[in-house]
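Start from the sequences, fold in the hints, and give me the full structure.
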Amino acid sequence: MKAIIHIGLKPGVLDPQGRTIARSLSHMGFGSVTNARQGKTIELELDTQDAGQARIDVEKMCKQLLANVVIEDYQIEIIDEKAEEIPENTT
Amino acid sequence: MKAIIHIGLKPGVLDPQGRTIARSLSHMGFGSVTNARQGKTIELELDTQDAGQARIDVEKMCKQLLANVVIEDYQIEIIDEKAEEIPENTT
Amino acid sequence: MKKMPKKTSKVTPEVVKEHGLSEQEYEIICDRLGRKPNITELGIFSVMWSEHCSYKSSRRHLKKMLTTGKRVIQGPGENAGVIDIDDGDAIIFKMESHNHPSYIEPYQGAATGVGGIMRDVFTMGARPIANLNALRFGDPSHPKTKTLLAGVVHGIGGYGNCVGVPTVGGETNFHRGYNDNILVNAMCVGLAKADKVFYSAAKGVGNPIFYVGSNTGRDGIHGATMASAEFDDDSEEKRPTVQVGDPFTEKLLIEACMELMATDAIIAIQDMGAAGLTSSSIEMADKGGVGVKLLLDKVPQRETGMTPYEMMLSESQERMLMVLKPGKEQIAIDIFNKWDLDVAEIGITTDTGHLVLHHKGKTVCDIPIAPLGDDAPNLDRPYSAPKNLDILENGSMHDPLTRGTDYNTVVTTLITSPDIASKRWIWEQYDRSVMGDTIDNSSSGGDAAIVRIHGTNKAVAITTDCTPRYVAADAFEGGKQAVAETWRNLSCTGAEPIAITDCLNFGNPERKDVMGQFVRAIEGINAACRALKYPVVSGNVSLYNETNGQAIPPTPCIGGVGLIKDLNRFSTIKGARAGDHLVLLGKTDGWLGSSLYAHLVLGHDRVDAPVYAPPPVDLTAEKAGGEYVRRLVRDRRVQAAHDLSDGGLALAAIEMAFASGFGFTLKHACDLPLYAWLFGEDQGRYLLAVDDNSLNPIISTARTLNIPAQKVGVIGGDRLVATGAFDLSLQDTHMQYENWLPAYMDA
Amino acid sequence: MQSAVIVFPASNCDRDAATALAKITGRKPLMVWHQETSLPPVDFVVIPGGFSYGDYLRSGAIAARSPILKDIIKKAETGLPVAGFCNGFQILTEAGLLPGALMRNKGLRFICRPQRLKIVNKDTMFTRAYKDTNEITIPIAHFDGNYFADRETLNKLRSSGRIVFKYLDNPNGSVNDIAGICNKAGNVLGMMPHPERAVDPLTGGTDGICLFKSVLEAIR
Ligand SMILES: Nc1ncnc2c1ncn2[C@@H]1O[C@H](COP(=O)(O)OP(=O)(O)O)[C@@H](O)[C@H]1O
Ligand SMILES: [Mg+2]
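Protein chains in written order, with the working numbering: chain R, -16 to 74; chain C, -16 to 74; chain G, 691 to 1437; chain S, 16 to 235.
It is worth saying that the hints were derived from the structure and are not from the lab. Not one of these hints is a red herring.
With a straight-line Cα cutoff of 30 Å, these simulated DSS-like cross-link-like pairs (lysine-lysine) come out:
no. : chain 1 : residue 1 : chain 2 : residue 2
1   : G       : Lys1028   : S       : Lys90
2   : R       : Lys46     : G       : Lys836
3   : S       : Lys43     : G       : Lys886
4   : C       : Lys(-15)  : R       : Lys23
5   : C       : Lys43     : R       : Lys23
6   : G       : Lys883    : S       : Lys43
If you anchor each label on the Cβ, the simulated ranges turn out as follows:
no. : chain 1 : residue 1 : chain 2 : residue 2 : range
7   : C       : Leu(-3)   : G       : Asp1295   : 38 to 46 Å
8   : R       : Arg6      : G       : Lys1202   : 52 to 60 Å
9   : G       : Pro1432   : R       : Lys46     : 25 to 33 Å
10  : C       : Ser9      : G       : Thr702    : 49 to 57 Å
11  : C       : Gly35     : S       : Asp165    : 27 to 35 Å
12  : G       : Arg1259   : S       : Gln17     : 36 to 44 Å
13  : C       : Asn18     : R       : Arg6      : 34 to 42 Å
14  : C       : Gly35     : G       : Thr702    : 54 to 62 Å
Here the structure is a predicted model, which is why all the values come from computation and not from measurement. Even for Gly, the Cβ is constructed at its ideal location relative to N, Cα and C.
So this is what it looks like as structure tokens:
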């Protein structure tokens, strides 16, 4: 089983990296860029067969370690290599 | 138009952050985690109507700045808010 | 955290209450305005009259402090204090707390704390040259402590390292009393020219007001202020309670401000700290005796649909407000553009004496400025009298041997205790050498950091100190002691102590016992300052550090600054060499009450243990001792100097051994019991390493000055020895000292 | 010798580098703003440490795309001596003047300490003055100093003597303990330690002096 966690700053939280990237791109001549935000993804390999349980676990991992819920939102994607992806995102 | 760029370390490049995450999670009792990799996403807002051109531009931005191809791979997703997402990923 | 109020833009009694204003205060507002305030005006009064901005619980007590002296150029009242260090140079410094934000989000809370204190310093024209941090965490076994420590240290480094200002010193304590209220106090020291200091008084009418730096978002608009229904639908979720720091922008802001300050364009300048645009504009106007008109549409904004209320109360970081000389606008615009920073002319000074705000073609605020300061609440909170404390008498029940332990074990216990063990894990994450002038820093384990004044042969010595153990037992003596310890730490380097800044961290002032601690700590600080002619030039008060009615241990942290006039004549803890003699200066009575030994070995830190009086500070002796040590250092009579603090003579000698790489042998030669001689914490004492030639002159001159002085041992070998007490390997003990924190963090 | 120090937004060792150069070469370096499109005529260029652009995106990435770099690359290719310290090293790799990349320290912490180094190649224009020393101590202060290159690149670096400095107790996880490398022609050096902070016995020792002296000798 695989889990992909997308972590981004909450709306309204200053993203200095994003801002600097946007400015640099436009200085470099990419005038169409009006805004940039930077986030991170964490890809976990999980030794389990149960996608439902995996989601519950990853949810816990996000709350306890992976995301800083004071300023960040997260989304979890569980990918069961045998089955297809299981949608339903959580924040 | 929106572009989401997923940047990850190439296979074979050691990922100290991923490794630390995996170790911390397993110390915290999440024994099912066997591996972790950390990547980043950059979300750009683009002031353009032409999805094809957007992809060409973003491809350039990646090569010229956003990714370090010595150690990183990237994937581009273009999202046309009016149309649907335009698939086809590039690496 | 306050409860979130209902959405409404009407000023109802609930809304007033949610803004933390009493009925009486609200009446004063209505009276002064001759009408009811609107929501923006209410928000402005509320933040200006908050504890943080108005110092309503502390003002009358702070007034008592000594704030003047022959080297003081500017005392409290400006963004930071300014002292004269000769040759036209001035040092500008201040310490500030960022406790609550650091508990909520340790990385960003600590980072923005560092950013904020640096702005206080460079807004006055000083380039920051050193940062320090005084940290207090909960018990190491508390589940949150490790994460908080890691985050705070990472944040302090993340900000200071990026800006390129060395973090040269600090202190770190652990105690269960801080479990739910950690303390993060940051100090910044900057260097300016004495005739090029910038102030915040917006003198003169018709002058343009400029906003520079980062743009404004909805950061840090606090709970009570959620009262406006004018917010658009998603503005609530766009209102982060934690500000994110942007050290890159701060660095640009420093360079841009320095560049502009080199011209003569600026009349007044002020950083936007707590209560952002509100307090900066009002303070500048108030000090300049003018009115202010602001066109809020011109404020650079990060978010859409921001209301006047939000703009005025936002605490977005890395922003400054300044008043320029008419005609010089373009100079400023060009400089800020060059550094890629936002710059906007947002208003003008007026002769109305009012703060007038325009937004979208309407006047959204029109209030007289004077009452905001003059009528600000000035409370005389009741406080309780101190408890009488017993003095802990020496007796065989305190002897390690009768307690079934031995001296080696005692020393190891003390050396590996959280407060004493090496803080390398922390300070190695701080860039300590950038700017090229750091002469001594945390890594020596010494007393004060030493930072050279760039391009000269002089330096400043800087230290932060507080022993909460003492303050908790007796706030007056503890306050005195904190000041005296900084004085000693500076004296050890040979620096002339010049002035202090303070950061007074206490619990809820509405409680009589806490208020009592606060008042007495100030009195103690003041007593020491006056006796030592060592004024307070800046400071900060942080109250309400409590959770569920449980206040933190009172922690009045003192930052001291001194001047080393000649870098050919200074001293550190490092210089002891094999064959040197160890001389103990100051009176030794073997005082164990409230000592580290009492807490860790005798169990006096237990919740139910009796509290004993801490060691008193004799300020007359303090003065004489400090002056003598400085004279000896300047006469090049000492190889190394260290003051005696936690753990007494034994730990002072061991710290000196760690710093020099040589062991020692201490010889007990007095009537005191051995443990009291080794671990007693009598104040005003120094340990000096001196060579053969200096030994006798030092002791005999001390006698003529009535300063107790005796040889207590010699330096040399690879063992730490106190005859008849302990005998330990230098290397092993040092390793244990180094290992505690990394082992704790990695566990 | 006329030297130049490049100044990027949030360079913070530019002054330190300038002070060291002035002290050792006897001549004040020119401070060159990153927006300039061409270098003034100089004999030696230093890309200083710091956090250019806040180290946002990747350390050194954005600075490597500034206008002045184009001219630096051009002149470096014709033999102009260029040295990058710390962030300067990161910029040089991002700009493609040196191979490999500098990743986050293995311990995921910023490290500032005096660092013992082994001089691996004393035959470069940056190390020739270190006559009878093989070991020096120079301060490090970085978060992203973990050098990475693929095996092929490493083999090339090794076999052609382009590994200039190695850590004696690797602080950051760098492959092969690499602390500093040079380009094929030997005129471009990148290293994580800060030699400009080791030119004064009062502040960081003096082991960095010979690096600057080497360049001085070499271009004479
Ligand atoms: N948070 C910190 N940041 C930087 N340096 C620290 C910190 N905590 C402790 N130190 C350093 O560790 C050493 C020992 O601290 P401390 O025991 O408080 O010294 P002293 O008792 O001599 O004042 C000092 O050099 C101090 O600067
Ligand atoms: Mg201390």
